[in-house]
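Chains A and B, in that order, are what the protein sequence lines are.
Mapped onto our numbering, the consecutive letters of the first sequence carry residue numbers -5 to 148.
Mapped onto our numbering, the consecutive letters of the second sequence carry residue numbers 782 to 1116.
These are computed hints drawn from the structure, not numbers from a lab.
Be aware that one or more of the hints could be misleading.
[Claimed, not checked] Derived BS3-like pairs: lysine-lysine, alpha-carbon spacing no greater than 27 Å straight-line: (1) B:Lys939 / B:Lys1088; (2) A:Lys141 / B:Lys1099; (3) A:Lys141 / B:Lys842; (4) B:Lys1010 / B:Lys991; (5) B:Lys845 / B:Lys1081; (6) B:Lys814 / B:Lys842.
[Said to hold, decoys possible] Quick list of the computed label-pair ranges, beta carbon to beta carbon: (7) A:Leu147 / B:Ala857: 46 to 52 Å; (8) A:Pro12 / B:Arg861: 46 to 52 Å; (9) A:Leu147 / B:Gly999: 39 to 45 Å; (10) A:Ala19 / B:Glu1009: 33 to 39 Å.
[As the list claims (entries may be wrong)] Chain B residues, not near chain A, derived (Cβ > 12 Å throughout): (11) Pro854; (12) Pro893; (13) Arg915; (14) Phe918; (15) Leu1001; (16) Glu1026; (17) Arg1048; (18) Ala1110.
Think of the CB as a built atom: it goes at the ideal place given N, C-alpha and C, for glycine as much as any other residue.
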Amino acid sequence: MNLPNFPKPLARLVATLPSWPASRAFVAAGNLVAWPSLRELDWSHIAGRRFRVQVSDLGLNLYFSVHANGFRALRNGLADVTFTATAQDFARLALRLEDPDTLFFNRRLLIEGDTDLGLMVKNMLDAVELETAAAGMPVGMGRVVMKLRQLALH
Amino acid sequence: MPALLELICPAGSLPALKAAVDNGADGVYLGLKDNTNARNFSGLNFDAKSLAEGIRYAHGKKVKVLMALNTYPQPATLARWHQAVDTAATSGIDAIILADPGLMAYARKNHPNLRLHLSVQGSATSYEAVNFYRERFGIQRAVLPRVLSLPQVENVVKHTDVEIELFGFGGLCVMVEGRCLLSSYACGDSPNTFGACSPGHAVRWQQTPKGMETRLNGVLIDRYADNEKAGYPTLCKGRFDVQGETYYALEEPTSLNSMEMLPEMARLGIAAIKIEGRQRSPAYVAQVTQVWRAAIDAVKKDQAAFKPNPAWMAQLNKVSEGSMHTLGAYYRPWK
Ligand code: SF4
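Pulled out of the complex, with its shape left as it was, chain A reads as follows (with noise of 0.2 Å):
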């Protein structure tokens, strides 16, 4: 089964929002889900660094940093390091179900701006345990999760 794509009626709406509340709900949604598995990365080297996440099928764009306590939306839309992909891309990137040098080879996946800061990141993310990481995530999102990569595998 493969990840259901992004609704068309739905992608146009999101594409009106702006960046800067788009941008703050990520970083709220990633501190809940994600920052508790994350906290143990070195984030020394990346700390202060601007990242842009470019979801190209509903025009929408991220702009956050990353720092000791979490992450932190960005006002300005400058960035040090832009990835673009759709949103089910990123989805299937998030859930290990797509290695991104694939998605490279087939231009599905873009790192735009400082490679060697975008593969640290990349690298970093390949090195968590999704299983960690889902045990760390608030009641019941864990099990989301993997029930979702279990669905999309078969």
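Chain A is fixed; fit chain B with the ligand onto it per the hints.
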């Protein structure tokens, strides 16, 4: 019984190692977080903690752990390589994969019980070379460079009692392994000492109106139209203007896939098949390990009837650089 077609899979992280183990690898190979190995990319590889956990996990499932120490030490930092050998010996690594003869001598002298494998970076293409490393340093296995045709491999196998490991799948170098100067030329860092070809700090990708551009240290090495597959940002796989024509002047982005030669490799008594890709994600490792496990099991069951299953080939093509594959030098009519 001597090893036959052991499946050796790449691990750039603990989840990748577990993916290899869980999907049927007989051995995994990994490196430390520094330039003592040839996949020295930011954020990749193992520290003391993940190494200990990786060895524990693999050994718990009877899977071997090999450590790549396949770069060439430099005088100022030699101690780092020696320490890495010591770490391997004391942490329970099953074999280390070396290219530098000085390091082999060190390992032999200080850890006589540690198994030594000759890395592909050692570029030994003849049985004389392989036997030399055996005589002097007691290596027990050699990984042959991907420049030999299968009859040439056979010639090596016939004249040595060193186990032979061949590459089965993954990215291809331009076929002068351990001796390529292209990345040094563009970036000033030799893959053999820095531990990476085309390191991230030198790579820039940019979407432009003309297409996606790849630059290495400022040098434009390729520009992809929207519908074109991309390759790794290495010089060998760039398109260049040669006498007014722009094309892949050295090599096309493509992956090695030698699966259809497995029966031949079994007949030759090849000890192990190596999968390339320590830089890749756990998802890749899981997919590729699964396919090769099935293929090797099928060959071992019935050599004569073996045929690569089209679904396996499609799965491998999907994760390939350039999304296609070649038999490389294993099959070529010329010598
Ligand atoms: S430039 Fe190509 S052939 Fe040379 S080391 Fe890099 S990948 Fe290998």
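A quick look at each hint next to the structure:
| no. | hint | in the structure |
| --- | --- | --- |
| 1 | B:Lys939 / B:Lys1088 | holds (26 Å) |
| 2 | A:Lys141 / B:Lys1099 | holds (25 Å) |
| 3 | A:Lys141 / B:Lys842 | holds (26 Å) |
| 4 | B:Lys1010 / B:Lys991 | holds (15 Å) |
| 5 | B:Lys845 / B:Lys1081 | holds (20 Å) |
| 6 | B:Lys814 / B:Lys842 | holds (25 Å) |
| 7 | A:Leu147 / B:Ala857: 46 to 52 Å | holds (48 Å) |
| 8 | A:Pro12 / B:Arg861: 46 to 52 Å | holds (50 Å) |
| 9 | A:Leu147 / B:Gly999: 39 to 45 Å | holds (42 Å) |
| 10 | A:Ala19 / B:Glu1009: 33 to 39 Å | holds (36 Å) |
| 11 | Pro854 | holds (24 Å) |
| 12 | Pro893 | holds (34 Å) |
| 13 | Arg915 | holds (36 Å) |
| 14 | Phe918 | holds (33 Å) |
| 15 | Leu1001 | holds (15 Å) |
| 16 | Glu1026 | holds (24 Å) |
| 17 | Arg1048 | holds (33 Å) |
| 18 | Ala1110 | holds (23 Å) |
Going down the numbered hints, you'll see the structure goes against none, and every one checks out.
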